[in-house]
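Participant: Residue-level listing of the chains:
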Amino acid sequence: MTLYARLAKRPKWPLLYRVAGACAWFGAVSLAYFLRRVAMLVPLVLVISFLAFCLVRVAPGGPFDKERAPASPDIERNLKAKYHLDEPLWQQYLRFVGVGFEKQDGEWRAFEGGLVRGDFGPSLKYRNHSVNDIIAQGLPVSLSLGLLSFCFALGIGIPLGVWTAIRRGRWQDHVGSFFSILAVCIPAFVLGPVLIVLLGIRWPVFPVGLWGGPWHVILPAITLGTYFAGKVSRLAREGMSQALQSDFITTARAKGVSETAIVLRHALREGLLPVVTYSGPLLADLLVGSFVVENLFQIPGIGVFLVNSSINRDYTMVVGLVILYSVMLLTLNLAVDAVYGLLDKRVKYG
Amino acid sequence: MAEATHQLGQALGQAQETGESPNRRAWLRFRDNRPAMVASVFLLGLIVLALAWPLVSSQGDVHSEAQFAAPSAGHWFGTDVHGRDLFGRVLAGARISLIVGLVGALVSLVIGVLWGATAGLLGGRWDNMMMRTVDVLYSLPSIIFVIVIITTLEGVLQGWLQSAFGGGSGETARMLLLYAGLGAVSWLTMARIVRGQVQALRERQFVEAARSLGLGTWAILWRHILPNVVGVVIVYLTLTLPAVILYESFLSYLGLGIQPPRASLGSLIAEGAAQINPIRVYWWMIVYPAGSLAALLMALNFLGDGLRDVFDPKVDKDR
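Protein sequences appear in the order of chains Y and V. So the number in this note's numbering is just where the residue sits in the first sequence, counting from 1, plus 1484. So the number in this note's numbering is just where the residue sits in the second sequence, counting from 1, plus 74.
By construction, these hints were calculated from the structure, which means they are not laboratory data. Take the hints with a grain of salt, since some may be wrong.
As the list claims (entries may be wrong) - Partner residues aside, some chain V positions facing chain Y, computed with beta carbon under 10 Å: (1) VAL208; (2) VAL210; (3) THR226; (4) GLU282; (5) TRP296; (6) HIS298; (7) LEU300; (8) GLY329; (9) GLN333; (10) ALA369; (11) MET372.
Said to hold, decoys possible - The following residues of chain Y were derived to be distant from chain V, with all beta-carbon distances above 10 Å: (12) PHE1518; (13) ARG1601; (14) ILE1650; (15) TRP1699; (16) GLU1743; (17) ALA1745; (18) TYR1809.
For glycine and all other residues, C-beta sits at the position ideal for the given N, C-alpha and C.
Construct all of the structure, not just a fragment, from the sequences and the given hints.
Facilitator: Below is the structure:
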């Protein structure tokens, strides 16, 4: 007999104790589950970093090909030695992770820095800067753009989806659904230039480019968020129409609960679960997708660096960004699973 | 009422006589879905136009003096930087986008169906392992990997192709990588769906009968299970197509996809966006390619939704 069943079966315990016991049991089980998930992240990130590490080095050419003057072999050899690119690949990887020893001036020393200490190493292209510096400069900008578009996508998508689900089959549904499909078909790189030409240049309502005040944020956030607003609204419509057809809603209607209360208090909770599931990948997609928008509006985020650095063979930068994006996505998915359990008590972790 | 019953009986009789198949019934249901029908007519028209246009006119490739000409009777969509007719360019772009989308979707189909069917059929530990792999791949930023793969492996593949076949095959390398990369990131949903279907089918009696007759696992898969999955697979193939086209345009927009002088809808939008300046607005260079891409994606989405309503049993009937 499980602890939970034993707790639930003891009638002489006050209700409060029983609830507390159940919560503790549930908490312990899910805590173990989430600890296991978090522990799984470490080998996963290592595998990803190793793959990315090998992949960028397979490519022909190197980070020092596009130097201003054709570098003499000596200079290139010195540069490579400085960044340890002359070592065998496994040693470079160990150095990147930061686990291992090297012989320096006749004595053995542990590697300094490295992934285990949260250090992605120096950038090979932007000399004088470490990858961490560049990320620290760009990430806040990308994050705030992503979060604003997230709010925009949910703020437009959920009401539209719920509305079309309530008015299902009528003209409001057809019009709303048409708009949500339309939004899914205009990704950022389609909408962005059109908005710039129309609202930025033809009728200069909004400033175009740079990252100054709140006015600068609006166009990029709309550009980035519209596609995802469409996706969210389709998910919300599907979830809500299923929830509205389920038995507990019929019961509530039979009891004479008002339609507003049915939608707001009963159906929303279940109908929005698909949106919750999607919101983790959504936030990650927004962060990743932002590099088109950053490019279009000349916003100083990290997105610009991903494409440039992988073309320039800036090895450390590429690997660092790949790891950053992967960790963000993996953590977000984990967070979504946790929130899901809070919203839907039927979910069992294990 | 009696009349109606009579008609119904007649219709049923006819259906039995002519052997009205599930496919025929599916088609009848599809025909009633107006958005899907409009979308498929539009798509057919676009495909025919895109294929036939090079035979009619070669203006899309010809550089002329008329740079940045606004839309007119001579150039319906105006002209671009090099005085090329934008209408021809857009059609050529649509053709390439469709080809890349189709091939990418087919690659994803092959990987997804094989992976999902194998996992569903083997079951047990293998199933667990294969589906866990899919879960892990789901949680990775796929587009980032495609970008890294395309920028890094292009040179490798190009060198390899040159040593194997000789001659300038840089463009081929890029196209092959596009197909493979896009297919490789979009097979996950397909694998999940096929695995679910196969798992359900595996327990059915006809499969048991085939097994008791001594048929091998692969023969059962090939002859009895896969034909039953075709409907669902077609539906998700149609829904994968716009996703792949979107990815391709995205990559082309970044300059990692189709290279000039060839055009895809994404690279045309990028060319238009590059000409944005506060002094003169060449709106047609953005609006027409963007509108075409949006229309193409919308048509494919409507078609996929229509097919899903017809084939997917999970969808409720009152729509």
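Participant: Work down the list of hints and note, for each, if the structure agrees.
Facilitator: Hint-by-hint comparison with the structure:
Contact between V:VAL208 and chain Y, as hinted, is not supported at the beta carbon level, the nearest pair being about 14 Å apart and thus beyond 10 Å. With its C-beta approaching chain Y no nearer than about 7 Å, V:VAL210 sits inside the 10 Å limit, and its interface hint holds. For V:THR226, the interface hint holds, since its Cβ comes within 10 Å of a Cβ in chain Y; the closest pair sits about 4 Å apart. Among the interface hints, the one on V:GLU282 is violated; its C-beta lies about 32 Å from the nearest C-beta in chain Y, farther than the 10 Å criterion.
For V:TRP296, the shortest C-beta to C-beta distance to chain Y is roughly 33 Å, which exceeds 10 Å, and the interface hint is violated. Because the beta carbon of V:HIS298 sits about 32 Å from the nearest beta carbon in chain Y, more than 10 Å, this interface hint is broken. With 10 Å as the threshold, the beta carbon of V:LEU300 stays out of range of chain Y, its nearest partner Cβ sitting at about 28 Å, so the hint is violated. Of the supplied interface hints, the one on V:GLY329 holds, with its beta-carbon coming within about 8 Å of a beta-carbon of chain Y, less than 10 Å.
For V:GLN333, the interface hint is violated, since its Cβ never comes within 10 Å of a Cβ in chain Y; the closest pair sits about 14 Å apart. With 10 Å as the threshold, the beta carbon of V:ALA369 comes within range of chain Y, its nearest partner Cβ sitting at about 8 Å, so the hint holds. Here the hint on V:MET372 is kept, as its CB sits about 5 Å from the closest CB of chain Y, short of 10 Å. Taking the minimum C-beta to C-beta distance to chain V, about 15 Å, the non-interface status of Y:PHE1518 holds against the 10 Å cut.
Annotated as non-interface, Y:ARG1601 keeps its C-beta farther than 10 Å from every C-beta of chain V; the closest such distance is 24 Å. Every CB of chain V is more than 10 Å from the CB of Y:ILE1650 (nearest about 15 Å), matching its label as outside the interface. The non-interface label for Y:TRP1699 is consistent with chain V: the shortest C-beta to C-beta separation is roughly 17 Å, beyond 10 Å. Residue placement check: Y:GLU1743 keeps its beta carbon more than 10 Å from all beta carbons of chain V (closest about 19 Å).
For Y:ALA1745, the condition that its CB be more than 10 Å from all CB atoms of chain V holds, with the nearest at approximately 24 Å. Separation of Y:TYR1809 from chain V is inadequate, the least Cβ-Cβ distance of about 5 Å not exceeding the 10 Å criterion.
The structure fails to meet hints 1, 4, 5, 6, 7, 9 and 18 from the earlier list, while all remaining hints are met.
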